[in-house]
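There are 2 protein chains.
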Amino acid sequence: MTSPSATPSRYPYQNEPLWSRSEKALARKAFDAALGRELHEVIQEAKKMANQILQSSDLWDLEHYLTERRKEIDRKYDYRSSRISHVLGTLLREGRLDEEDLRGLPEEKLKSIRSHAKFLADLNAA
Amino acid sequence: MTSPSATPSRYPYQNEPLWSRSEKALARKAFDAALGRELHEVIQEAKKMANQILQSSDLWDLEHYLTERRKEIDRKYDYRSSRISHVLGTLLREGRLDEEDLRGLPEEKLKSIRSHAKFLADLNAA
Numbered sequence: 418m419t420s421p422s423a424t425p426s427r428y429p430y431q432n433e434p435l436w437s438r439s440e441k442a443l444a445r446k447a448f449d450a451a452l453g454r455e456l457h458e459v460i461q462e463a464k465k466m467a468n469q470i471l472q473s474s475d476l477w478d479l480e481h482y483l484t485e486r487r488k489e490i491d492r493k494y495d496y497r498s499s500r501i502s503h504v505l506g507t508l509l510r511e512g513r514l515d516e517e518d519l520r521g522l523p524e525e526k527l528k529s530i531r532s533h534a535k536f537l538a539d540l541n542a543a
Numbered sequence: 418m419t420s421p422s423a424t425p426s427r428y429p430y431q432n433e434p435l436w437s438r439s440e441k442a443l444a445r446k447a448f449d450a451a452l453g454r455e456l457h458e459v460i461q462e463a464k465k466m467a468n469q470i471l472q473s474s475d476l477w478d479l480e481h482y483l484t485e486r487r488k489e490i491d492r493k494y495d496y497r498s499s500r501i502s503h504v505l506g507t508l509l510r511e512g513r514l515d516e517e518d519l520r521g522l523p524e525e526k527l528k529s530i531r532s533h534a535k536f537l538a539d540l541n542a543a
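So the protein lines, in turn, are chains A and B.
Just so we're aligned, residue 418 is where the first sequence starts under the working numbering, counting upward by one.
Just so we're aligned, residue 418 is where the second sequence starts under the working numbering, counting upward by one.
Since the hints were derived computationally from the structure, they do not count as laboratory data.
Honestly, I wouldn't trust all of these hints.
Copies of the same chain look alike in the list, so a pair counts if it fits in one copy or across any two.
What the hints assert, rightly or not - Straight-line distance between alpha carbons at most 30 Å, and here's what the computed BS3-like set of lysine-lysine pairs gives:
1. Lys441 with Lys464
2. Lys441 with Lys465
3. Lys464 with Lys488
4. Lys464 with Lys493
5. Lys488 with Lys465
6. Lys465 with Lys446
7. Lys528 with Lys465
8. Lys535 with Lys465
9. Lys464 with Lys535
10. Lys528 with Lys464
All of these numbers come straight from a predicted model, not from anything done at the bench.
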């Protein structure tokens, strides 16, 4: 296991290990795939809702749905280096990523990601 | 021509004549018809935009379109007694109502409505 950080001042977030360039590329690929899948779901749902619009309340329900999804996606897919484990852990917890998508990352990173997923699971169960 | 108001304090808006119950009913019918037509247009456009969504930017364009239309409709269809002439004048100016829709209103009311429509036209031409 490598040391968490030789230059901790660059990574002020607790328990966030340093990510190598290749690890970041792998994480980015998993992140992009999850985002693509989630956007695809929202697009399908928006098309379905639009097709079923009968009255003005349905129209504003669609607007509300889109606004909420946009805010949620903006919040969730926050791809800053300092938050990679956090973001991937959230996606793992939501079933938007599975361990297979993260194959190739060292155990240290997987532990950090799983730890955040577990934190969210515990939070949800509380 | 009737006097503008026997109890002016109830109608603080300049040039806004008193509306009888039957005049209000007629105005309301024209108002509702215009609102119904405008909502129908927005619903059709939203369905069309939704059907054409290919990528996430199209999705958020639809959200933005709906938000703007909702705000504009809320602003435009402000049915307070004190603003009937103003609202109907706006709809007349936009072609969402025509004189036929207002048939039955006394000339005094039509003048007030046309006057606001003209004000908007002049504003637009300025």
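Structure-based check of each hint:
Within a single copy, Lys441 and Lys464 get their C-alpha atoms no closer than 34 Å, and across copies no closer than 40 Å, so neither meets the 30 Å cut-off. With identical chains, the CA atoms of Lys441 and Lys465 are never at most 30 Å apart, being 36 Å at best within one copy and 40 Å at best between copies. For the identical chains of this complex, Lys464 and Lys488 are neighbours both inside a copy (19 Å) and across copies (22 Å), given an alpha-carbon limit of 30 Å. Taking CA atoms no more than 30 Å apart as the test, Lys464 paired with Lys493 passes in both settings, with 23 Å inside one copy and 28 Å between copies.
Taking the closest pair of Cα atoms, Lys488 and Lys465 come within 30 Å of each other both inside a single copy (20 Å) and across two copies (24 Å). Only within a single protomer do Lys465 and Lys446 lie at most 30 Å apart by alpha-carbon distance; the minimum there is 29 Å, versus 33 Å between protomers. Within a single copy, Lys528 and Lys465 get their C-alpha atoms no closer than 39 Å, and across copies no closer than 46 Å, so neither meets the 30 Å cut-off. Proximity of Lys535 and Lys465 under a CA criterion of 30 Å is satisfied in neither setting, with 34 Å inside one chain copy and 43 Å between copies.
When the C-alpha separation of Lys464 and Lys535 is checked against a cutoff of 30 Å, the pair qualifies neither within a copy, at 34 Å, nor between copies, at 41 Å. Taking CA atoms no more than 30 Å apart as the test, Lys528 paired with Lys464 passes in neither setting, with 39 Å inside one copy and 45 Å between copies.
When held up to the earlier numbered hints, the structure conflicts with 1, 2, 7, 8, 9, 10 and fits the remainder.
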